[in-house]
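Number of protein chains: 4
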Amino acid sequence: MTRLTDLQIRQMLSKAVEKAEEIGVQICVAVVDDGANLQGFLRMDKARLGPVDVSQRKAKTALYFHADTGDFGKVMREAHLTGIELIGGGLTGFAGGLPIRMDGEVIGGIGVSGATAEQDKEVAEYALQVLLQ
Amino acid sequence: MTRLTDLQIRQMLSKAVEKAEEIGVQICVAVVDDGANLQGFLRMDKARLGPVDVSQRKAKTALYFHADTGDFGKVMREAHLTGIELIGGGLTGFAGGLPIRMDGEVIGGIGVSGATAEQDKEVAEYALQVLLQ
Amino acid sequence: MTRLTDLQIRQMLSKAVEKAEEIGVQICVAVVDDGANLQGFLRMDKARLGPVDVSQRKAKTALYFHADTGDFGKVMREAHLTGIELIGGGLTGFAGGLPIRMDGEVIGGIGVSGATAEQDKEVAEYALQVLLQ
Amino acid sequence: MTRLTDLQIRQMLSKAVEKAEEIGVQICVAVVDDGANLQGFLRMDKARLGPVDVSQRKAKTALYFHADTGDFGKVMREAHLTGIELIGGGLTGFAGGLPIRMDGEVIGGIGVSGATAEQDKEVAEYALQVLLQ
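Residue numbers (the numbering used here), protein chains in the order written: chain A, 269 to 401; chain B, 269 to 401; chain C, 269 to 401; chain D, 269 to 401.
Here chain A stands alone, though its shape is the one from the complex (with noise of 0.2 angstroms):
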């Protein structure tokens, strides 16, 4: 199994942070890895407490199911998954949460938290193009 090395998770939550500071919004970016085990996490200087917990979460949801949080918390809700937010000690079904892909395998997950939903997972999918280098 590939796995993120260290200086990758450094670069991916410095990234998150200068996509954050662009749009102006104060995040935390966790990550986990297959096992959903935290690999790197770091909060942004003004970002609410809230956040510390919410981003950890998305990750650990996206990993678990190989989705995105956003897509998946349509399904807990439309497909009357009933309790499935429990899991896990808590799932996390709104967006801002990604799995990481590499070589058409998840090998873990990226979790935003701090701004809307939206633009959360606007800063996951950028914190991930260190996947491209």
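You may find that some hints are simply not true.
Note: identical chains are not told apart, hence a pair may lie in one copy or across any two.
Lysine to aspartate or glutamate pairs mimicking EDC-like chemistry, simulated, CA-CA at most 16 angstroms apart [claimed, not checked]: (1) Lys314 with Asp302; (2) Lys283 with Asp336; (3) Lys314 with Glu373; (4) Lys342 with Asp321.
I should point out that these hints are in silico values taken from the structure, not numbers from a laboratory.
Mind docking chains B, C and D on chain A? Use the hints.
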């Protein structure tokens, strides 16, 4: 970062009781600092036990998201933030929790529970008048 | 069952602060009722965060076993009560927690934390003088 | 209260990796603010999973009691503070956690885990040199 003094905390607890007695309700009141850690708590003589936890969660929720918990609850429901109520061990999305602001910064949260959500909010607002002195 | 009034609770919190200031320490003080549910709590301005939890656990431990937490800790260690510290989510076996007695009955527990265990106990004993008034 | 910037946090994470690589160990490093809330975290490529949690608990323990976790562990054992290891969801009483001080105040905690306790402490101390710049 400014922090409330223990004297101010005691005044807020007393103010909350004063208003609750005036409107004839029995409440619990909790205050957390900017790190979501408990600074003060008081349960009135005839308050039920549920509010012991509810008041603390309202204070935390208000601090976590810098929001009136009633307003935030509306966002939680209408923006389909599925699973967000599980964050931080459990958020509370109805009125009675308010962020505590000083010099334009959020320095804590207050949560009141025991009566109707609107009465809880009224008590919380009254207790915050301590900061105007 | 006699229960402390919220006025007595506030007086106990203030008494605890008064004694702590006199001996130059920064503490947290917690009071639980006969059901081990929180009635009052106060953190002094410069108290560290560990005592937020320690004070509440001392109050609970004292109530759970109707004992001075220092004495009870000795029993825990010397009688080899293996695992007893895990009861109720975690007991605290050192001084600073006292049962609150009235008319020969245990009606609650008080816990103080922030200084040495002996100073914590001194503050707790002083706060209980409210009941002699 | 002064707070570390996210830039300083990233520098501390990088410094920790730099020192760990120099001495040939694989670690996790965590930084919490003055409210014990996570500000930054990084796991090195070959670090085991236990340290993910240990590093965060060391950072919290150091902040909770304003102490080097190695020194505090000695107090925990020798002063018979029975049950104190359960506080705050679990403390860690061995070296590798240090309070972060600025202008004479404790503004956070850093925790390192993955190598021997003494090596962990060495890495934590090195990471804190960021604050001297």
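Hint-by-hint comparison with the structure:
Taking the shortest Cα distances, Lys314 and Asp302 sit within 16 angstroms of each other only across copies (12 angstroms), while inside one copy they are farther apart (30 angstroms). Proximity of Lys283 to Asp336 under the C-alpha cut-off of 16 angstroms is found in neither arrangement, the shortest distances being 19 angstroms within a copy and 32 angstroms between copies. For the homomeric pair Lys314 and Glu373, the shortest alpha-carbon distance between copies (10 angstroms) is at most 16 angstroms, but the shortest distance inside one copy (35 angstroms) is not. In this homomeric assembly, Lys342 and Asp321 never come within 16 angstroms of each other (Cα to Cα): the closest approach is 21 angstroms inside a single copy and 20 angstroms across copies.
Violated hints, listed in ascending order, are 2 and 4; each of the other numbered hints is respected by the structure.
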